[in-house]
Structures are given as C-alpha cells and as structure tokens.
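Protein chains in written order, with our numbering: chain X, 849 to 946; chain B, 6 to 161.
Treat the hints as calculated values from the structure; they're not laboratory data. Please note: incorrect hints may appear among the correct ones.
Said to hold, decoys possible - Restraint ranges, calculated between C-beta atoms of paired labels, are given here:
hint	chain 1	residue 1	chain 2	residue 2	range
1	X	920	B	72	18 to 28 Å
2	X	878	B	96	44 to 54 Å
3	B	65	X	854	25 to 35 Å
4	B	119	X	941	17 to 27 Å
To be verified - Pairs of lysine-lysine, PhoX-like flavour, derived with a Cα cap of 25 Å:
hint	chain 1	residue 1	chain 2	residue 2
5	B	96	X	863
6	B	146	X	918
7	B	106	X	911
8	X	911	B	47
9	B	132	B	96
10	X	922	B	65
11	X	876	B	146
To be verified - Pulled from the structure, derived: some chain B residues nowhere near chain X, Cβ distances all over 10 Å:
hint	residue
12	45
13	66
14	68
15	77
16	90
17	94
18	96
19	120
20	131
21	143
22	151
Glycine residues also receive a C-beta, built at the ideal position from the N, C-alpha and C atoms.
Here is how the chains run, residue by residue.
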Amino acid sequence: MRILAKEENGIVSVKAIISHPNESGSRKDESGNLVPAHFIKEGFVSLNGQPLLDLQFGASVSKDPFLQFKFTGKKGDRLSLRFTDSMSQEFSAEAAVI
Amino acid sequence: MPVVTTILLNNMKRRAFIEKSFLSAALLFLRPAGLIAAWNEKFFQQGSIEQAFLNVLGTKTPEKTNRITLTAPAVASDSSAVPVEIHTDIKADMLYLFVEKNLTPLVFSCSLHGGSIPWFGLNIKMKESSLLYGVVREGGKYYAASVHVDVLAQAC
Chain X
849 MRILAKEENG IVSVKAIISH PNESGSRKDE SGNLVPAHFI KEGFVSLNGQ
899 PLLDLQFGAS VSKDPFLQFK FTGKKGDRLS LRFTDSMSQE FSAEAAVI
Chain B
6 MPVVTTILLN NMKRRAFIEK SFLSAALLFL RPAGLIAAWN EKFFQQGSIE
56 QAFLNVLGTK TPEKTNRITL TAPAVASDSS AVPVEIHTDI KADMLYLFVE
106 KNLTPLVFSC SLHGGSIPWF GLNIKMKESS LLYGVVREGG KYYAASVHVD
156 VLAQAC
C-alpha cells in the first residue's frame, strides 16, 4: 500500500493505493471461466489513534483500489489505514502527514 | 448444613458469573477496534437501484439536492477504472456511491468521524453506461445527486 498525506491550509488530502487484484467474481478469463471473487470489503482509517473513516466496499471497485479523502489536520499527524478483503486477508499501513 | 450448601452454591454462581464476564470482555477485545459495522451482505445484494436504495437507506427516494458535487467523466473510455469524486457542503456523517446498472449498485459506504471532511474519491468499474448516484446522510435524512457516465469499452 502506498499513502501520500499532504497538509495545506489545515486541510489534509490523502491518496492511497492498495495493490490488489480486486476481482468482482463476475469477470471471465480468456478461456471463458469465471474468475473467483477476491476484493477489498472493509476499510478503517484512524488519525492519531482516533477513528476517522469506516468503509464498506462492494465488488465494483477497480483493480489496485485508488482512494482519496480529506480531513482537518496538521503536519506530523499519524494516519493509519487497514483493509480486509473477501478472503480475510489484511492490509495495513501507516503514514505521517507532510 | 443447608446454610453452608447455600453459601457454597452462591460462591459457585458468583464464580461462574465472573468467569462469563471475563470471557465476554475478552471477546469484545478480540473484535477489531475499528470495524464497528461489519460488512453488510444486504447492502451489496444484486438487484435494481430502487432495491439497493431501500436496503441501504431504508427509502427508495432520497431527497434530490444540488449541494452534492459528483465528479465523473461524461464519457469513460476505460470502464474498468472510472474516477469518481463525491463531496458536499452538507454536514454529512455518511457518504454512499451507487451505480444504477452495476450488478450490485452500491459501490461503497463511508462513515465519517472526527475531523473528516465529506469528500471521497475512488476508481470504480462500470458494467455499462449508467447513472451514478452520490448519497449523503445528515441528521438521519438522505440527500442524493446523480450524474450520467457513458461507457465506450465494456469491462467488468
């Protein structure tokens, strides 16, 4: 996962990319077989240990999900992101606001 | 002797109660702290946009508003990655994105806490040309705005 959190005039803009196939379960491969579903279902974002966002996702998020969000904050704030996919795999990362 | 038996029994009950309390407390801690609302199967069922609105919002007709900005390309050349942004000046505590013609119309739900700003961007897949609905919640009421996206090449 890559996170970029930049502060400007008290507003922090965050961009995050999770490397993930994010298969919807309704796509067929070259030989016409359905590719099994495997996608990010839940996300949790916290700021300095306090909850910021609770997310639930369906199957129609693109491959390598690219998320953007904003909050009021300052440089040095600690951002923590955690995601769980449909196969119960967890992905987490932390970043400091710059 | 019956008195002793009663005391013994009471002690056993108390012990069982304490053990149970500890067990439930431990279970509470085991739950990931952040995931307050677990993934809702019903929200992401296949069906019509009206059914999805009903399942997620509890109403088929969220109030239309021009206070939600939904940004998406009018024509998407790659339907496997359509950039969508939703933001609003409504003091929202929930954000939702729906794609009318997708198998499962709800794309995401986002619950806002603390200093978060009602602003969210995501790349999404679209099955075909469709209306997109951005929905927000304020004080238990739902507000919606929509935008149409034409899809050139199909990919889902």
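Find the hints from earlier in the document that the structure breaks and name them by number, from lowest to highest.
3, 9, 10, 11, 12, 16, 19, 20
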